[in-house]
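Peer 1: Listed below are the residues making up each chain.
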Amino acid sequence: MAEKRERTREEMIADWVVNEKAKQRDARKKRRIGDEEVGVTINSLMDAMTIILIFLLMNYSMDPLRVDSSKDLKLPISTTELLPKKTIALTISAKAILLDGKQIVEVKDGSVSKMDKGGDENSMMIQPLLTALTAASSNQKEIDRMAGGKFDGMITFITHDDTPYRLLRDVMYTATNAEFKKFKFAVSKGGRRGYHPPGGEGEEKKGLF
Amino acid sequence: MARSRKKGIDDKVEDLNLVPIMNLVVCLIPMVLLGTALVKVGVVNVNPPNFGMGKSTTENEDEKKPLNLTLMMGEKALMIKASIPLNAFIKPTEGVEVSESGVSIRTVEPFKMASVKVGENEVVKKPFYHYNYPALYSLMAQIRDGVKEAYPKERVVKLAVDANIPVKHIIEAMDAIRHRLEADSYTKPEDFREAKVKYEEVDGKRRAVELWPLVWFAAKAQ
Numbered sequence: 001m002a003e004k005r006e007r008t009r010e011e012m013i014a015d016w017v018v019n020e021k022a023k024q025r026d027a028r029k030k031r032r033i034g035d036e037e038v039g040v041t042i043n044s045l046m047d048a049m050t051i052i053l054i055f056l057l058m059n060y061s062m063d064p065l066r067v068d069s070s071k072d073l074k075l076p077i078s079t080t081e082l083l084p085k086k087t088i089a090l091t092i093s094a095k096a097i098l099l100d101g102k103q104i105v106e107v108k109d110g111s112v113s114k115m116d117k118g119g120d121e122n123s124m125m126i127q128p129l130l131t132a133l134t135a136a137s138s139n140q141k142e143i144d145r146m147a148g149g150k151f152d153g154m155i156t157f158i159t160h161d162d163t164p165y166r167l168l169r170d171v172m173y174t175a176t177n178a179e180f181k182k183f184k185f186a187v188s189k190g191g192r193r194g195y196h197p198p199g200g201e202g203e204e205k206k207g208l209f
Numbered sequence: 210m211a212r213s214r215k216k217g218i219d220d221k222v223e224d225l226n227l228v229p230i231m232n233l234v235v236c237l238i239p240m241v242l243l244g245t246a247l248v249k250v251g252v253v254n255v256n257p258p259n260f261g262m263g264k265s266t267t268e269n270e271d272e273k274k275p276l277n278l279t280l281m282m283g284e285k286a287l288m289i290k291a292s293i294p295l296n297a298f299i300k301p302t303e304g305v306e307v308s309e310s311g312v313s314i315r316t317v318e319p320f321k322m323a324s325v326k327v328g329e330n331e332v333v334k335k336p337f338y339h340y341n342y343p344a345l346y347s348l349m350a351q352i353r354d355g356v357k358e359a360y361p362k363e364r365v366v367k368l369a370v371d372a373n374i375p376v377k378h379i380i381e382a383m384d385a386i387r388h389r390l391e392a393d394s395y396t397k398p399e400d401f402r403e404a405k406v407k408y409e410e411v412d413g414k415r416r417a418v419e420l421w422p423l424v425w426f427a428a429k430a431q
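Residue numbers (my numbering), protein chains in the order written: chain A, 1 to 209; chain B, 210 to 431.
Note that these hints are calculated values from the structure, not bench results.
Treat the hints with care, since some could be wrong.
Going by beta-carbon spacing under 8 angstroms, a handful of chain B positions derived as facing chain A [unchecked claim]:
#1 Val-234
#2 Val-255
#3 Pro-257
#4 Glu-331
#5 Val-333
#6 Pro-336
#7 Tyr-340
#8 Ile-379
#9 Asp-384
#10 Ala-385
#11 Glu-391
#12 Ala-392
#13 Asp-393
Distance ranges between label pairs, derived from CB positions [to be verified]:
#14 A:Glu-81 x B:Val-327: 24 to 32 angstroms
#15 A:Ala-135 x B:Asn-330: 38 to 46 angstroms
#16 B:Glu-391 x A:Glu-179: 39 to 47 angstroms
#17 B:Lys-273 x A:Ser-123: 36 to 44 angstroms
#18 B:Glu-223 x A:Asp-152: 54 to 62 angstroms
#19 B:Ala-417 x A:Glu-179: 27 to 35 angstroms
Result set (DSSO-like, lysine-lysine): computed pairs, CA atoms no more than 30 angstroms apart in a straight line [claimed, not checked]:
#20 B:Lys-249 x A:Lys-95
#21 A:Lys-108 x B:Lys-285
#22 A:Lys-182 x A:Lys-71
#23 B:Lys-326 x A:Lys-102
#24 B:Lys-414 x A:Lys-182
#25 A:Lys-71 x B:Lys-321
#26 B:Lys-249 x A:Lys-85
#27 B:Lys-249 x A:Lys-102
#28 A:Lys-108 x B:Lys-321
#29 B:Lys-334 x A:Lys-102
#30 A:Lys-85 x A:Lys-95
Note that beta-carbon positions come from the ideal geometry of N, C-alpha and C, so glycine has one too.
Construct the complete structure from the given sequences, taking the supplied hints into account.
Peer 2: What follows is the structure, given as structure tokens:
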């Protein structure tokens, strides 16, 4: 009986030691889990963002003609499928005529001032524009000569849709005097054929895709 | 012997910290998105007016009288003229008057200045001339069929525009007469708008059938 009690006591002590060790092990494990940092896996998101960024940069850099639409410069809508080429671009907005982003002549109510036409309202020549276009064509001729090519005389008009033909004719006349002979009009693609009423029926499709 | 362990050597391989790169990418993407054009830009080819600087460059291989097909865009009507009488092969319809001197297509509704919303709180007045483009296309197709024997290679139309007509209507007119559509005539604007371009096989390639694709502006505004 006494031996049985001693074994039992030893066993009890052994059991107690095992239990205590298990408890300490559990406590250590909990502390380790609590202290460990849980990282966020952003590799997949990084892959997606990098691909989107490369696509957007390619799209941004390959566009030969970029037009920032505003209420003073809204392109006419067209069904054309032709893509723009890299040429000299002349912008005719509701407020000004610009060459390479620089204002050349002010436009008011669809016409330029008599002073810019050498004092003759009926003249088709816009003097400051002729000076600027002549310089631009000379510059382009030099660039083409150095590249081993020939000046093609091409110019793209980025025109506000409400520009009256009267102003457009004067600009075209001035451009032909500056040795430009091939004209392109920048338009907003994706339009539908026919009359585009106020309010947007038949408006162009907008968007990157 | 006890192996000594050099202090400072870290055997654990640390993951690359992608957070700064992600910050950069997340900032760049909105910047590039804002800079990218939201409107697809195309071009329309035109030829400048002949301001008396040289001979006309209208293609005409033959010595015979050129067709001189001219589309005049006025404030109340479109007019089509040529060096030959057009009433020989054009039939008058509603809104279309045919005479020896040419063909006149009245506008669908009178000129108006309409208020158009351009911003959140901004409204501007814009001019609108409602031309009858289905009728214009139908007549130009009849003219093409009528002159194809006498002028098989003629593709040029001269455009004489009134001084006040906005550029958008010039582009609309050019679009209406550039290509042949599935039908030869249209009366309803919605049918004309939805009509598909006719294609043909040329040297194994599919090409849109042209109607009057080359445009020369007239020298003087009307």
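Peer 1: Confirm or reject each hint.
Peer 2: Here is what the structure says about each hint:
{"no.": "1", "hint": "Val-234", "in the structure": "holds, 4 angstroms"}
{"no.": "2", "hint": "Val-255", "in the structure": "holds, 5 angstroms"}
{"no.": "3", "hint": "Pro-257", "in the structure": "holds, 5 angstroms"}
{"no.": "4", "hint": "Glu-331", "in the structure": "holds, 7 angstroms"}
{"no.": "5", "hint": "Val-333", "in the structure": "holds, 6 angstroms"}
{"no.": "6", "hint": "Pro-336", "in the structure": "holds, 6 angstroms"}
{"no.": "7", "hint": "Tyr-340", "in the structure": "holds, 7 angstroms"}
{"no.": "8", "hint": "Ile-379", "in the structure": "holds, 7 angstroms"}
{"no.": "9", "hint": "Asp-384", "in the structure": "holds, 5 angstroms"}
{"no.": "10", "hint": "Ala-385", "in the structure": "holds, 6 angstroms"}
{"no.": "11", "hint": "Glu-391", "in the structure": "violated, 12 angstroms"}
{"no.": "12", "hint": "Ala-392", "in the structure": "violated, 13 angstroms"}
{"no.": "13", "hint": "Asp-393", "in the structure": "violated, 15 angstroms"}
{"no.": "14", "hint": "A:Glu-81 x B:Val-327: 24 to 32 angstroms", "in the structure": "holds, 27 angstroms"}
{"no.": "15", "hint": "A:Ala-135 x B:Asn-330: 38 to 46 angstroms", "in the structure": "holds, 41 angstroms"}
{"no.": "16", "hint": "B:Glu-391 x A:Glu-179: 39 to 47 angstroms", "in the structure": "holds, 42 angstroms"}
{"no.": "17", "hint": "B:Lys-273 x A:Ser-123: 36 to 44 angstroms", "in the structure": "holds, 37 angstroms"}
{"no.": "18", "hint": "B:Glu-223 x A:Asp-152: 54 to 62 angstroms", "in the structure": "holds, 58 angstroms"}
{"no.": "19", "hint": "B:Ala-417 x A:Glu-179: 27 to 35 angstroms", "in the structure": "holds, 32 angstroms"}
{"no.": "20", "hint": "B:Lys-249 x A:Lys-95", "in the structure": "holds, 23 angstroms"}
{"no.": "21", "hint": "A:Lys-108 x B:Lys-285", "in the structure": "holds, 25 angstroms"}
{"no.": "22", "hint": "A:Lys-182 x A:Lys-71", "in the structure": "holds, 28 angstroms"}
{"no.": "23", "hint": "B:Lys-326 x A:Lys-102", "in the structure": "holds, 28 angstroms"}
{"no.": "24", "hint": "B:Lys-414 x A:Lys-182", "in the structure": "holds, 27 angstroms"}
{"no.": "25", "hint": "A:Lys-71 x B:Lys-321", "in the structure": "holds, 19 angstroms"}
{"no.": "26", "hint": "B:Lys-249 x A:Lys-85", "in the structure": "holds, 13 angstroms"}
{"no.": "27", "hint": "B:Lys-249 x A:Lys-102", "in the structure": "holds, 23 angstroms"}
{"no.": "28", "hint": "A:Lys-108 x B:Lys-321", "in the structure": "holds, 20 angstroms"}
{"no.": "29", "hint": "B:Lys-334 x A:Lys-102", "in the structure": "holds, 27 angstroms"}
{"no.": "30", "hint": "A:Lys-85 x A:Lys-95", "in the structure": "holds, 25 angstroms"}
In this structure, the hints that do not hold are numbers 11, 12 and 13, in rising order.
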